[in-house]
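A.B. asks: Sequence:
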Amino acid sequence: MTLPTRAVGPFTVSAIGLGCMNLSHAYGAPPSDADGAALLRRALDLGCTFLDTAALYGGGANERLLARAVMHRRAEFTLASKCVLDTIDGRRGLDGSPAAIARTLDGSLSRLGVDRIDLYYLHRLDRRVLIEESVGALARAVEAGKIGAIGLSEMGADTVRRAQAVHPIAAVQSEYSPTSRNVEAGVLAACREHGIALVAFSPVARGLLAGAVRDDGYEAGDIRAAMPRFVQPNLARNLALIDRFDALAHGAGLAPAQLALGWLLAQGPDVVPIPGTRSLAHLEQNLAAATLTIPADLLAAVDALFPANALAGARYSAAMQAQIDTELLPGEAIA
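The sequence shown begins at 0 in numbering that gives the first Met the number 0 and counts up one residue at a time.
Honestly, the hints are just simulated from the structure, not real lab data. Incorrect hints may appear among the rest.
[Unchecked claim] Estimated spans, in silico, between C-beta atoms of each pair:
id	residue 1	residue 2	range
1	Ser31	Leu238	24 to 32 Å
2	Asp302	Arg40	32 to 40 Å
3	Ser31	Glu75	20 to 28 Å
Cβ atoms here follow ideal geometry from the backbone N, Cα and C, with glycine treated the same way.
Turn these sequences into a full structure, and let the hints guide you.
C.D. replies: Dropping the structure here:
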């Protein structure tokens, strides 16, 4: 199948990609390797040509899963991975030094079984290291042929501009959905100044906009249990808004996730959502959203339902927020 395409730096990718994290990481027990591999292959069959992983995910397990599942089809997709956040001495660690970036990159190349990664992100900002030094390390990796282009993840507008002054940035990845609009406080404008794509992770709000969250009885190991807007008493208030969103979608004959993804695609041709899922049915639903046209009045209704800071509770826990450089919205809650 062929999906509509968008540009991410020098790459032409399907308008909706696939975030691979939850096949190995962050949302409780992961699916079996066989089920994860089947979903990855089905994504390619459906025309998805943009796969996003990271060294952190599953302590390298996600990259190894991609190697086993789809690297024999390497010519069919643009491959993205990330550094700086990594597993260090068995624990999640943050290190943006050039030496650590080089080590993580070599580890990713080995786990993926490739000699080049198309798009390689700085996963988070290490405030102990100048962004110019971290981007410089990736610029040298571009020169060495180990990566094709440089990306940034969850970084603010000023950091984006400083990074761009060192080396062209292909993409900035940030959380972006109708309920999480921090990039509109500065990052999106900075990207557009320099022709940088905005890759939207958690575009269905970690399942909130896909009918997947109805209470806070999460599995052990589910990161939502530590996110203030996903637990009580905030969750009950938020679900009241989500019920209204679901009604908008169903009234238009859409799955809620499709309305969320369609809203994102309508924000501009430089926005590329990368929803993740473990469900083949949801995968098909998500990718089909790339072919839909959402009426302007329905998009306006979504905007009216979710103004800035519509959800109760902070986006991240205090520990996670400390690693986020993306601007807060005026009046936004901080854990």
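A.B. asks: Could you run down the list of hints and mark each one as holding or not?
C.D. replies: Okay, the hints, checked on the actual structure:
1. Ser31 to Leu238: 24 to 32 Å: For Ser31 and Leu238 the Cβ distance comes to about 31 Å; the hint holds.
2. Asp302 to Arg40: 32 to 40 Å: holds, 37 Å
3. Ser31 to Glu75: 20 to 28 Å: holds, 23 Å
Of the numbered hints given earlier, the model fails none.
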